[in-house]
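Spelled out from the first residue to the last, the chains are:
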Amino acid sequence: DGGITQSPKYLFRKEGQNVTLSCEQNLNHDAMYWYRQDPGQGLRLIYYSQIVNDFQKGDIAEGYSVSREKKESFPLTVTSAQKNPTAFYLCASGQGAGKLFFGSGTQLSVL
Amino acid sequence: SQQGEEDPQALSIQEGENATMNCSYKTSINNLQWYRQNSGRGLVHLILIRSNEREKHSGRLRVTLDTSKKSSSLLITASRAADTASYFCATDVEGGSEKLVFGKGTKLTVNP
Chain A
1 DGGITQSPKY LFRKEGQNVT LSCEQNLNHD AMYWYRQDPG QGLRLIYYSQ IVNDFQKGDI
61 AEGYSVSREK KESFPLTVTS AQKNPTAFYL CASGQGAGKL FFGSGTQLSV L
Chain B
1 SQQGEEDPQA LSIQEGENAT MNCSYKTSIN NLQWYRQNSG RGLVHLILIR SNEREKHSGR
61 LRVTLDTSKK SSSLLITASR AADTASYFCA TDVEGGSEKL VFGKGTKLTV NP
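Which chain is which? The protein sequence lines are A and B, in order.
Take 1 as the starting number for the first sequence in our numbering and just add one per residue.
Take 1 as the starting number for the second sequence in our numbering and just add one per residue.
FYI, nobody ran anything at the bench for these hints, they're computed from the structure.
Calculated cross-link-like contacts (lysine-lysine; reagent style BS3-like; alpha-carbon spacing at most 25 Å):
#1 K104/B to K99/A
#2 K99/A to K69/B
#3 K104/B to K9/A
#4 K99/A to K26/B
#5 K56/B to K69/B
With beta-carbon atoms standing in for the labels, derived distance ranges:
#6 Q107/A to N22/B: 27 to 37 Å
#7 K69/B to E62/A: 32 to 42 Å
#8 P39/A to E17/B: 21 to 31 Å
#9 Y10/A to D7/B: 29 to 39 Å
#10 N18/B to E69/A: 42 to 52 Å
#11 S109/A to T77/B: 32 to 42 Å
#12 N52/B to T77/A: 32 to 42 Å
#13 N18/A to T20/B: 41 to 51 Å
Built from N, CA and C at the ideal position, the CB exists for glycine as well.
If we strip away everything but chain B, and leave its shape as in the complex, we get (with noise of 0.2 Å):
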């Protein structure tokens, strides 16, 4: 089952712009993360937002929870052209398992 949904589904920008990338789910969770992952590699965390959390940073990235609406935000700012990678959102469920259930991603191209 799919409990994260991104959007869009593909973001194209010039460098130094700022890209916006957003995730819904379904249920109440405990957690929110955020991964990346470069073509055909494995995916590397970037950051996790509790759901007692509105906002967190981490370098130039920002991240968003609204856990009323049920979404998230990642705000990627002065991209790079080494941003370029697929970006997903995961989630728990709350009370649940230890398993994340990922989003279908999106895809950033940061063209130089």
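For reference, chain A alone in the conformation it holds in the complex (with noise of 0.2 Å):
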């Protein structure tokens, strides 16, 4: 089946920790991307990538750091510079200007 899986569904991190979520397409797209989302509200860019070995920061880059080395591979890592990394997490990829296709999500909580 084609599609975009990401990886845990839920994931906890203790204080001063990276953790990183993973990302994985095989449809084939150049472009990936990384949402955040906080409870009742939309989604926050985090980085976008339109191909490999290249990405631009969104709107929310602080704390988060990525990777493309693969066309079909996009990890976020959530670091311990982003002091308030409690959200649900979504990965996405797309050709061209066109729709998106998404994951499943992450729950990242704080413990």
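Work from the hints to combine the two standalone chains into their complex.
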């Protein structure tokens, strides 16, 4: 099945810890995106990548880092510098200025 | 930055009724999209309307776009309990990158 897979579904972070959220797609899309969603809120763009080995900051990149070493993969690291990391994180992929395909999300909580 | 703003924030209707949600945006766009999100899940694409289109249909969905008013509406006809979800509009920026900017969404509840 073609699609976009996020893991894990639930993740807990301890104080001062970096955690990495996985996002893999087999849709052969060039562009991949990370969004953050807080309860009752819309999606805010963290980082996006339009091509391998290149990525751009979105609106709320501080405290996050990404890499795009392979077309299929776009992992997001939530660093200890992100002081309020509790949120629902959504990864998406797309081709051109068309529709996005979303993963099922990762809920990150702080212990 | 929030490009699109949906209205109302929440909407509760009975099964069989129509549901209308509105979206306003600020800058010129290439296209506008509507997405649906069930609680705790990812978003699912519903429909895309280009800036040179005024109306588009897909099943029970009807989307209109008024670029002069920078607004769009999503109409769901003959609603069902399974339509209960949050609905988001998303816009790109004309001449900009391929990133989409999402509004805060309308939470629709369809009561059986």
